[in-house]
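Residue numbers (the working numbering), protein chains in the order written: chain A, 1280 to 1401; chain B, 7 to 678.
I should point out that these hints are in silico values taken from the structure, not numbers from a laboratory. Predicted model only: the values in this text are computed from it and were never measured. The beta-carbon is built from N, C-alpha and C at its ideal position, and this holds for glycine as well. Check each hint, because a few of them may be wrong.
[As the list claims (entries may be wrong)] Think about it this way: if two alpha-carbon atoms lie no more than 35 Å apart in a straight line, the pair counts; the simulated DSBU-like pairs of lysine-lysine are:
1) Lys112/B with Lys1340/A
2) Lys1361/A with Lys1340/A
3) Lys582/B with Lys1377/A
4) Lys1333/A with Lys1361/A
5) Lys1377/A with Lys1340/A
6) Lys1340/A with Lys1296/A
[What the hints assert, rightly or not] The following residues of chain A were derived to be distant from chain B, with all beta-carbon distances above 12 Å:
7) Lys1296
8) Ser1302
9) Asp1311
10) Gln1326
11) Pro1373
12) Ala1400
[What the hints assert, rightly or not] Chain B stretches covered by chain A per the calculated footprint, using a threshold of three residues with CB under 8 Å from any CB of chain A:
13) 546-560
14) 622-630
One letter stands for each residue in the lines below.
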Amino acid sequence: MTTQPAPMTRVRVDQAKTGNLSSLTVLRFSGDITGTSNDAVFGAYRQVPADTRKLLLDFTKVEYINSSGIALLIELLMAAQKDNRTARSFGLSPHFQKVFMMVGLNQYIHHFPDENSACAAF
Amino acid sequence: MKKTFALFLLFVVASAGLRAENAPAPATQITLGRSMVALTEWKFQPGDNPDYAQPAYDDSAWKLMSIEPRANYHDPYFSSDLYIPGWTARGYPNLTGYAWYRTRFKVMGGNKNLWLEMPPDVDDVYQVYANGQLVGSMGKFTANHVTAFYSHPEEFHLPTADTNGDVVLALRFYMQPESVLWNFGAGGMHAPPVIGLPDTVALLQQRNQDVILHTDLSYLLLGLLALIAGIAAFWIYRMDRSEQAYFWLALAFAMEAVVSISNFIASTTYWESYAANVLINDLIGSALGPLFWLLFWAYWFRLRAIRMVGRIGWTLVLLEVLTFSCLLQPVMGTLIPLGWTHDLWLLSTIWTFVFAVLLVAVTVGGIRQDRAEGWTALPAVVLLGITLFSTDLEVIGVPVSYFPFGIRLGIGDVSLFVLILVVLGLVVRRFLRSQMRQQEMAQDVKHAWEVQQVLIPAELPHVPGLTIESEYRPAREVGGDFFQIIPHATDGSVLIVVGDVTGKGLQAGMLVALIVGAIRERVETSFDPLAMLQSLNRRLMGRGHAHATCLALRIAADGSATLANAGHLPPYLNGKELPMEGALPLGMVESAQFSVMHFQLAPADTLMLMSDGVAEAQDEQGHLFGFDRINQLLQQPISAAEVAASAQNFGQEDDISVLSVTRTATMKAVPA
């Protein structure tokens, strides 16, 4: 099989409102999340305003996360927890929802089916 | 304009007893046989006046200006000694703008169908009047503007002589102020015009054009060579964008190509004006070209002060462009007084000198980084530095062009050729060294693979009462999956540890070696699965990105099993996934809580353990193999090898390891 180069990870940092209209920061991931995504992921996290306490991760445009990518997300969520931030996520495929549960990521983040329900849950 | 061309004089046979006398002397009498006659004696007058074109105008006060080749004047652009210095070297050092030449001759004999061949090397452009009638021009003249081009040979048909049989030729020349700066002896004609019969003048014109094409072929050849080199450099850069040296190399070659091809077009056609050529060649090319070379060498040698070099380089280029712009029309003569010309030229030379010193300093820095490469580059860089002064050398009469086989080879062309050779040599040297390193790395990988063969058991230990099958298919030579099957020495139990470290390749393989070593050490004191994971977790903590999912399973002699999991895919018991809580992989958190469960393995029960390489196999469309396909596969009896093959055939992305454990009978404790 010809190995295709993995789509580069891109992360867009957006601002949104929660259910009670307080502000939150959304990290919108796209492409694959792998071991080479470190700069993209943590580069985006560094752009999160210091006073942000609510973090929403958007995985709707993510197609693949390998084990290194999972480790990277765990590190991201541990960093968010250390910074007193609450995290939610949405847009994960059922496959990666299972992987998230398997590796204990549900200790750090609650997953929701869509952005509205995730925002409302903050 | 610097397109000296004296070779055509070889074709001129001045057989017609041409003599010039002081105006208003009678016309020079010319007899044309089958040859041509060079018009060498002219009257000359600075300034501009339309009356100068009229045959009746009295030019007796004009100065005589002989356009006859003299000894000891070497053509700085051609391999000829027949160069005639222009008016700035003959009594009018500061004259720019308009000036006129006049001559009067009478053709004896019956043939009055005369043609004029103007010299190919003039400064800068001209109009030809014969008996007061404009017969043609080289360059574009409008009421308010003159557009100059590189000199080209031109032929003109002369009108019939007047009633006396006399022909009065008046040549109206225009020279731009900046031409004085980079031409030795600029001004007017550098070879005599020639008159002759149509066929012979046409032959001469063709010959002149052929010689120009031949002489300037070097521009085209080197331009194409630089273009190919630039494309190759850019291709290498696209392959590895971390090597920025190739980006600047591509730009440097591209700039050389643009300048050379622009010169070729300007010297052989009228497609590109002189001003456009100056803009491309002298303003942009001469400034940016050396800067790109400077940045290439700075990146090539990986100098620490690369940012400072860049800042100084860009500053010098800006200063040079600003200074040089002041020397060009329309700035010169309007915003800047003509009297500042030489001071500005000196300032421009100072910037160039500082730039050349910086270029050499970068190479000396390169010698400190890599002596062999630095010393190899130094001659090419020094030559490039000298090339930056080629115009200054031309102005003071130092030859900077050579003519092997009649093709002009300027010092800049030689420099470019040497740079191409040196860069090619250095790239090949680095490529060979890279190949050697890759061979060494391949050898390291082979050794790592051999070590892994020792760590990952090819032959499984015999465990009474269990049938164990394993299949391991790494994605690369060295994999990141691992498993260990360790029978207890006395109680009949067996400890099975499977896992998957993050990443692939050699780095993952090294981590596997660490983990397997830790497992072997731990079982000396404990067979407890949870204790095993906690021990491994401590080993991985604080090792950066050293993480691994892991599963430890102890099956006792009576079939009771204890399973501890750190983020690994739970085993499938008789085709059904064991329900386990998730847990973090090893190496993430020091005080991680790992999930533990107990169950009974009955006779004929089969446990299937596998790494995430199975579920995350991907086909060409990006579809995952997924958990549903695993569930379907396991609904019927299937071997570990068949599971692994299914995933691999689907599209392997990661290491694949599958272990099946079937309880065949009651396991017995080994007597102590």
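Here's how the hints hold up against the structure:
1. Of the supplied pair hints, the one linking Lys112/B and Lys1340/A is violated, its CA atoms being roughly 90 Å apart against a limit of 35 Å.
2. Under the criterion of a C-alpha separation no larger than 35 Å, the hint pairing Lys1361/A with Lys1340/A is consistent with the structure, at around 27 Å.
3. At most 35 Å may separate the alpha-carbon atoms for a hinted pair to count; Lys582/B and Lys1377/A meet this at roughly 15 Å.
4. Among the hinted pairs, Lys1333/A with Lys1361/A is consistent with the structure: their alpha-carbon atoms are about 13 Å apart, no more than 35 Å.
5. For the hint pairing Lys1377/A with Lys1340/A, the CA-to-CA distance comes to about 18 Å; that is within 35 Å, so the pair holds.
6. Between Lys1340/A and Lys1296/A, the direct Cα distance comes to roughly 21 Å. Compliance with the 35 Å bound is thereby established for this hinted pair.
7. Against the 12 Å criterion, Lys1296/A stays outside the reach of chain B, whose nearest CB is about 31 Å from its own CB.
8. The beta carbon of Ser1302/A sits about 30 Å from the closest Cβ of chain B, which is more than 12 Å, so the claim that it is off the interface holds.
9. A Cβ of chain B approaches the Cβ of Asp1311/A within 12 Å, the least distance being about 9 Å, so the stated non-interface status is violated.
10. Annotated as non-interface, Gln1326/A keeps its C-beta farther than 12 Å from every C-beta of chain B; the closest such distance is 22 Å.
11. Taking the minimum C-beta to C-beta distance to chain B, about 9 Å, the non-interface status of Pro1373/A is violated against the 12 Å cut.
12. With a least beta-carbon separation of about 20 Å from chain B, Ala1400/A lies farther than 12 Å from that chain, consistent with its non-interface assignment.
13. Here the region 546-560 of chain B counts 3 residues with a CB under 8 Å from a CB of chain A, which clears the bar of 3, and the coverage holds.
14. Counting residues of the region 622-630 of chain B whose CB falls under 8 Å from any CB of chain A gives 5; the rule of at least 3 is met.
Checked against the numbered hints given earlier, this structure breaks hints 1, 9, 11; the rest are met.
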